[in-house]
Amino acid sequence: MKKTWLTLGIIFVVIAMLVQLMPFYIATTTAIKPKTDLSSRWDMPEDGIYLENFEVAIERGKILTAMKNSAVVTVVSVVFVCFLGSLAAYPLARMKNFASKFITIFILGVMMVPPLSTLVPLLTMMNKLNAVNTYFGIILIMITGQLPLSIFLYKNFIAGIPISLEEAARIDGANYLQIYKNIIFPIMKPVTASVVILAGTFIWNDYQMSLYMLTSSDKRTITTAVGSFFSQNGSNLGAATAAALIGVVPIVVAYIFLQKYFMKGMVDGAVKG
Amino acid sequence: MTKDSKTSFFSKQSSLHLFYIPAMLLFICFTLVPLIWGLGLSFTDWDGYTAGKHFVAFQNYTDLFKDQYFIEVLTNTLIFGFGCTILQQLFGLILALVLDSKLPGKAVFRAIIYLPVLVSPVIMGIMYYLMLQYNYGALNDIVVLLGHEKVAWLSAKNTALMWIVIINTIQFMGISMILYLTGLQRIPKTYHEAASIDGASSFQKFRHITLPMLYPAFVTSITINLIGGLKLFDIIKVLTNGKPAYSTNSISTYIGITYQNQQRAGYASAMGLILFMMIMVFTLVLNGLMKKKEVDA
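Going down the list, the sequences are from chains P and G.
Number 6 in my numbering belongs to position 6 of the first sequence; there are no gaps in the numbering.
Number 1052 in my numbering belongs to position 52 of the second sequence; there are no gaps in the numbering.
The reader is advised that the hints may include incorrect statements.
[Said to hold, decoys possible] Covered stretches of chain G, going by a simulated chain P footprint (3 or more residues, C-beta under 8 Å):
{"hint": "1", "stretch": "1034-1046"}
{"hint": "2", "stretch": "1069-1081"}
{"hint": "3", "stretch": "1094-1106"}
{"hint": "4", "stretch": "1114-1126"}
{"hint": "5", "stretch": "1148-1155"}
{"hint": "6", "stretch": "1205-1211"}
{"hint": "7", "stretch": "1234-1248"}
No lab work stands behind these hints, which were simulated from the structure alone.
All values reported here derive from a predicted model rather than from experimental measurement.
All C-beta atoms, glycine included, are put in the ideal place defined by N, C-alpha and C.
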């Protein structure tokens, strides 16, 4: 009885794995075949690998520019998310007063605001600040979006650090800024890894805000560039797919090397409380 | 002199308040102000571009519930939210239970099933478009091979909605899988051993040990999946762009359309507020369930 269930379960897992690999396989065969090859997408190309789709994606889809833009936006935003998040978390973890309780609840409230719900005022504001189609504008939105999670992750971590360490430093005459800089920040490496991975993936993949904030073709990030190249190239799906595959490479490579951190980060982030 | 005053300032505990001010400023400028501003706009007939706008009180809100498209979009949003959440819990739990057993190569299975979680839904949408296209679509190749007519998966409302739910479910079922796996690994082995000694069957152990111990994982996973489903945007934008007509939009994508394509900024703001309140209510209810159980236990 138990054996049967386990066998069925294993079949389910194997099917799930194949289902997850299938879109990558279909995308690869589509991207490495010329437009004129009308064979099924299940078939590998018969006359060798055709790379022109990738050239088209890079030249006309400006995929490399988009990669660079995504890298700038992601790196700058993540640095601020880590720095401002850990800075804000320190007093929230250490002070047990009304202000820190109020702010914690306020941040929980901020987390519940879906990005699209404030699209009209936010875009109007960004237009007034001339921040549409600038790194500055999208970076501010990305930082604000990822800060709450970062604050809660850091806050939980700091709450677990024994306070005696800081008390000893206080007696030695260190001030709070020095304690944060020399004691707290250095021991937060594990949680910083989680924040970098969670916020980094999220910002790299962001589409909903970038779609409205970055409309000029030389400011587009990878998701918006791939998305718009796809909608303009309905007849040349090979090139659009090549663009999509280039866009997915950095994440897949990072995942192969840092797999454990990706999963651990997600679990830590889910149980933020 | 400046150095001295700075040192003494940061020695006081009250200086700690300074630490969260940058973060708070960002929240106020880019979340709180837009939220209140949006509330104000939702009572106007603003078009989003010109200077003129008139106060129309609750007109936008009453119009929304008379707008057959909005009712359709609201229904879709709930289908995305609840449909994906139910399927993700089911698949996630099965995957976690199997991968918690002594299966050779389970790390590889786990890693591959989790992979799509990290891929941008835009790219996922494009990949699945290659599957679902009418001509040349990989799925229709199989349909034809089985001797049926090609199916126009994305041009009929019901099949398009179904595929949006399926793709979002498949892409993010890895989240529930990992949360349940973590939950399962936290159950002490002794519980099951003790129950076995008392003669409990596998099903009884599952029902009375595994399921109750997974309660926190259930609540966390349901919260994440439900909010993700209710906010659904990217996949729809790539796969159907809300078509046919407006019938496959979610509230999120419909906000963009009413604002930018129809110049109804006041109306879009009202919809934004409804989306926010919907997500807030569901989050608070689920948080309440979590707390209640903790008190019970």
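Here's how the hints hold up against the structure:
With a threshold of 8 Å between beta carbons, the proposed coverage of the stretch 1034-1046 of chain G by chain P holds, since 5 of its residues qualify and at least three are required. For the stretch 1069-1081 of chain G, the stated coverage by chain P is not satisfied: 0 residues place a CB nearer than 8 Å to a CB of that chain, which falls below the threshold of 3. With 7 residues bearing a CB less than 8 Å from a CB of chain P, the stretch 1094-1106 of chain G meets the requirement of three and the coverage assertion stands. A stretch counts as covered by a chain when three or more of its residues have a beta carbon under 8 Å from one of that chain; for the stretch 1114-1126 of chain G and chain P the count is 12, and the coverage holds.
Counting residues of the stretch 1148-1155 of chain G whose C-beta sits closer than 8 Å to any C-beta of chain P gives 0, which falls short of three, so the coverage hint is violated. Under a criterion of three residues with beta carbons nearer than 8 Å to beta carbons of chain P, the stated coverage of the stretch 1205-1211 of chain G fails, only 0 such residues being counted. Only residues whose C-beta sits within less than 8 Å of a C-beta in chain P count toward coverage, and the stretch 1234-1248 of chain G has 4 of them, enough to reach three; the restraint holds.
Checked against the numbered hints above, the structure breaks hints 2, 5, 6 and satisfies the rest.
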